[in-house]
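A.B. asks: Using the hints provided, position chains L and A relative to the given structure of chain X.
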Amino acid sequence: MDFLRPASWEEALAAKAEHPTAVPIAGGTDVMVEINFDHRRPEYLLDLNRIGDLSEWEVGEKTVRLGASVSYTKIMENLRAELPGLALASHTVASPQIRNRGGVGGNLGTASPAGDAHPALLASGCEVEVESLRGRRMIPIDDFYVGVKRNAMEPDELIRSVHLPKADGPQQFSKVGTRNAMVIAVCAFGIALHPETRTVRTGIGSAAPTPVRAKEAEDFLAAALDEGGFWESGSPIPPSVAKQFAQLASGACNPIDDVRGSAKYRRHAVGIMARRTLGWTWESYRGNERSAQCA
Amino acid sequence: MAGTPTPRAATAPARTPTNLTQGGKTKAGIGESTLRPDGTLKVTGEFAYSSDMWHEDMLWGQTLRSTVAHAEIRSIDTSQALATPGVYAVLTYDDLPTEMKNYGLEIQDTPVLAHKKVRHHGEPVALVAADHPETARRAAAKIKIEYVELPLITDEASATAPDAILVHEGRDDHHIGHVAHPNIVHRQPIIRGNVAEARKRADVIVEGEYTFGMQDQAFLGPESGLAVPSEDGGVELYVATQWLHSDLRQIAPVLGLPEEKVRMTLSGVGGAFGGREDLSMQIHACLLALRTGKPVKIVYNRFESFFGHVHRHPAKLYYEHGATKDGKLTHMKCRIVLDGGAYASASPAVVGNASSLSVGPYVIDDVDIEAIALYTNNPPCGAMRGFGAVQACFAYEAQMDKLAAKLGIDPVEFRQMNAMEQGTIMPTGQPVDSPAPVAELLRRIKAMPLPPEQQWLAAGEGADVRALPGGLSNTTHGEGVVRGIGYAVGIKNVGFSEGFDDYSTAKVRMEVINGEPVATVHTAMAEVGQGGVTVHAQIARTELGVTQVTIHPADTQVGSAGSTSASRQTYVTGGAVKNTCEHVREAVLEIGRRKFGSYHPAWATAELLLEGGKVVTDGGEVLADLVDVLESEAVELELEWRHRPTEAFDLHTGQGNGHVQYSFAAHRAVVEVDTELGLVKVIELACAQDVGKALNPLSVVGQIQGGTTQGLGVAVMEEIIVDPKTAKVRNPSFTDYLIPTILDTPTIPVDVLELADEHAPYGLRGIGEAPTLSSTPAVLAAIRNATGLELNKTPVRPEHLTGT
Amino acid sequence: MRVTFTVNGRQQEADDVWEGESLLYVLRERMGLPGSKNACEQGECGSCTVRLDGVPVCSCLVAAGQVEGHEVVTVEGLADYAKQRAEHGSCGSGACGTSIDAAKQWEARPADSQTGENTELSPIQQAFIDAGAVQCGFCTPGLLVAADELLERNASPSDADIREALSGNLCRCTGYEKILDAVRLAAARGEGQTAGQGA
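Chains as they are written, first to last, in UniProt numbering: chain X, 1 to 295; chain L, 1 to 804; chain A, 1 to 199.
Isolated chain X, as found in the complex (with noise of 0.2 Å):
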């Protein structure tokens, strides 16, 4: 094993584009585990924490340009207002010494179905910021996961950034874990509410091969909120429009069994998610409309 430690965002390209085996480690909050459990043994450790700029966020005018490495704690401290979605998965991933290390670079990389922050990616539609020598390219939230654990990316490519749209409505995120705290996702919901293009967007985690959207059920709610006229009105959502988001939620579903849940469970467990979530977000945009309505 050798272990690569650029000091530049540059060296690091030279260096993934010479070794494309090589294992990128930013907070080694996945990496390090399959090493001490000699799950895995790379013949190159790219070290990522000499460059700083992945540690950094700029807050723009639309969207927020999130470095890769930005630990989970700063997310949840630095950017509740700016990105209130990613911010609820980051206080639910894993413990506060994970989420001091790891960040959202690490969730794209690994690309686990259970990653916390990918429903919340989803649902904001952000935009995946990889490089390589060969140059760079923004990948759409929505085409990053290509498979079980594999992602858009080509080997020489590295992950540089997350530029995510500032929330222009009210977003939630809840995860299912049979513990309290420091628990991997048995299935996660993340939904957002774009008032400016009246359109809803959801993210469903460790409850299909990838992290998938609840297309339908967008789809289903965006029309039953437009016809009724409900972002106007902002009267509450009737609870047969929440049962029918929940249930097309459910069937957006393509779980499996395993020891941390049944794919029924998963199933079932992902409407209640998209119910509440959905409630609270509604009641909050409410909230918003009325306060500014009253001003």
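Some hints could be false.
Distance ranges between label pairs, derived from CB positions [what the hints assert, rightly or not]: (1) E149/L x T110/X: 30 to 40 Å; (2) E640/L x T110/X: 56 to 66 Å; (3) G229/X x R85/A: 40 to 50 Å; (4) A263/X x V148/L: 29 to 39 Å; (5) A7/X x W18/A: 20 to 30 Å.
By construction, these hints were calculated from the structure, which means they are not laboratory data. The model shown is predicted, which means the values in this text are computed figures rather than measured ones. Every residue gets a Cβ at the ideal spot worked out from N, C-alpha and C, and that includes glycine.
C.D. replies: Showing chains L and A alone in chain X's frame:
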């Protein structure tokens, strides 16, 4: 440094277990919450745990384990591993030095290294010693083993089928004569009264089938230790265990060494809970050290730890109870089937406990009980906190709630109406001859104030998810959440039962050092966290009137202390320390009489005590300073002490005075269940326990809270999942074997009752296990109360609560 | 490879480090600092928690090479770390750093054969002993580092705050009640002290 054990090996490890000396600020004897003598070492990181052992030039040992559960081994090829640079030795069964190739607590059925056959997933097959753990791992991976898989025995049906393949062929142990099938380790029936007749008196009959999952001890300190070859051909072994001398008796014959050449020192033990009663890496490290002539360290990682020790027996329990309409229990029939896995370990004793305690703390004169343990190809199961009694309590307490509901009687009242008391005859025919305040414990637990409703709203604004089911995962803000309350009570035996010669040994030395009388206590008691070292110092202060007490590291240079298990150490080794102290006191007084007897008649006539460094009469008159009595003399005695003898249970009727003492605890659980998602938050888990006499109240409460939490864990999350198709463990990690975090653990108010047992030292009662029993059924009862579901399996999973 | 970093204020160096070794392994097996514990080596128990540039992390999940040039505080250095903080004021970021003078003064404590009733402890260490929060003690070092950092950030945490901050540290012996007591005790003593100083 004074008192530090002299190294007997050619060289000593970098850090070794040290004397624990306490005095100065700490003066108190028994009954006070004195602080741990090892506390400072533990909070500064200087306490020498077994995995902290380090030696110049040491090698690392690695175990290669079977990847299949049941198979013939056709061949093992170690040539590539041996050829790996940095590798010093590769050992298999063929390298074992003597005819003794097995070990075991009661039945020596466990191969040191697999021979021709593996019987469970993760069985040790080969060993490697190398200069770095990674070298050892890589070499182990190069060992080629050819397996031919055999049919699997995974449950009672497959184990006892007439043509079932035998897990162990040619059994010649002392249980084989009374079991119906060689795949049954041991069977214990208990028949008392006439169930058929009593059944006719029953107005209601309740039946139930219950399943208890396989729990792991999940001690945090992994199996580990260091073996150092010594110049005389022997070996020094620094290890974490529960019983040094039991280890020694199993290790020495395999090594072909006399016991005195295997010198064991207890290193820091990171928790045990039964999981260190059996050997793990002990023999392996010694074999590698003796083969290479170098110190060898073995440390399991968490994955290997799940294969490195036995687990709590999973069980199926079939119960029938009857009661009259005015709430009196008429009879009980039960059948308890424990899965012992591939090797016997403590299975026979678990069977004895399960059967003899299957009635619970209730009066039922007519019973028909059967408990068996199976040999299967599942992971071996053995000792864990409360064994046998834990599984039974889960089932009989569910039955009590069912009966109470059917009779329309309050469940606590129903239990109280049938509660045993001092004088009650156990189903084994043994009278309970010390306080059994079962009804009183239930009264106390029910009388405790209930926690306020909807505490998650207490903050005022919105919901604090940390106080809700699902916790930080943000699954509910109160939706679907229903509260439930449940009660349970249990009975556990204390000490080793069934005629076992259960004794301990204590060596106590008293002398004057730097003008102060000092006591040194040396036992082989395994301090595993329970606080035995604290209590021993307190006993020495109480009995010998000294302030400064030194606790010598536990080792095999002193007689056996028996096991740190069965809630027995404060009773038995505490009793041994008390006893030796009393004899030392007599010897000191004898010196005093010799020197000063002629100066004061009280030396001959009064009851004399040692207090505050002085010899005093029971009237409080000071006769002499201990410093003047002892001068340069030292008094040192090593004595054995045993509790009252017990008897074996009759193999057909189960009758016999099998137990020495019982311990009782009751719990009230308050839970909130998210009924839609099937997630549970335990809000409060209150416990009342009779401890006889609290030698150290702070430690007593700590034990009760810890035991309670382990019971909570198996109620809602803990289970080793074994694939029935392959008998392989599916979740050997802390990622998927979950134990409670601080956010899963509620407040645990404890009400301690002290009713002395006149037969026990200071009237104390063994306390470690009882709280683990009733905690689980109380939580289950509360979840049933919240959901109305029957819930006959533990742990309760979200699937059970949501019908998915 | 060679790895050089600062541990408890003192520059340390390890040679022939295998690239797959964790910070935890290097501390325990190469630097004679086994206080940080090896309970799970998968980031699920917190027993190996150390401060890395002031931030609590699981040292089992930090590759040794990643620590090159950085600062680590382990349980062995916690008393000095807390003392410095008390003397030089709090550091909200947690990245206290160590002055050259302090580094020179720091000495490894020899493994004492006595129980060290007179050993100078940090407030959280003392509180753990006094509250009965130590049983087997294997989780204790990680909990101490995490709890000390909590009190550095939040001098009077609520019970929910304590539970959240310590939710990454498993304990199998105590049921956590006495650990909560210990953190409350240390917080109360801290407030008492501050009040006493009239600050």
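A.B. asks: Between E149/L and T110/X, does the C-beta distance stay in 30 to 40 Å?
C.D. replies: 33 Å, holds
A.B. asks: Using the beta carbons of E640/L and T110/X, state whether their distance is inside 56 to 66 Å or not.
C.D. replies: Check passed, 59 Å falls within 56 to 66 Å.
A.B. asks: Indicate whether the distance between the beta carbons of G229/X and R85/A respects the range 40 to 50 Å.
C.D. replies: 58 Å, violated
A.B. asks: Is 29 to 39 Å right for how far apart the beta carbons of A263/X and V148/L are?
C.D. replies: 34 Å, holds
A.B. asks: Given the hint of 20 to 30 Å, is the C-beta distance from A7/X to W18/A inside that range or not?
C.D. replies: 23 Å, holds
Hint 3 alone, counting from the list given before, is not met by this structure.
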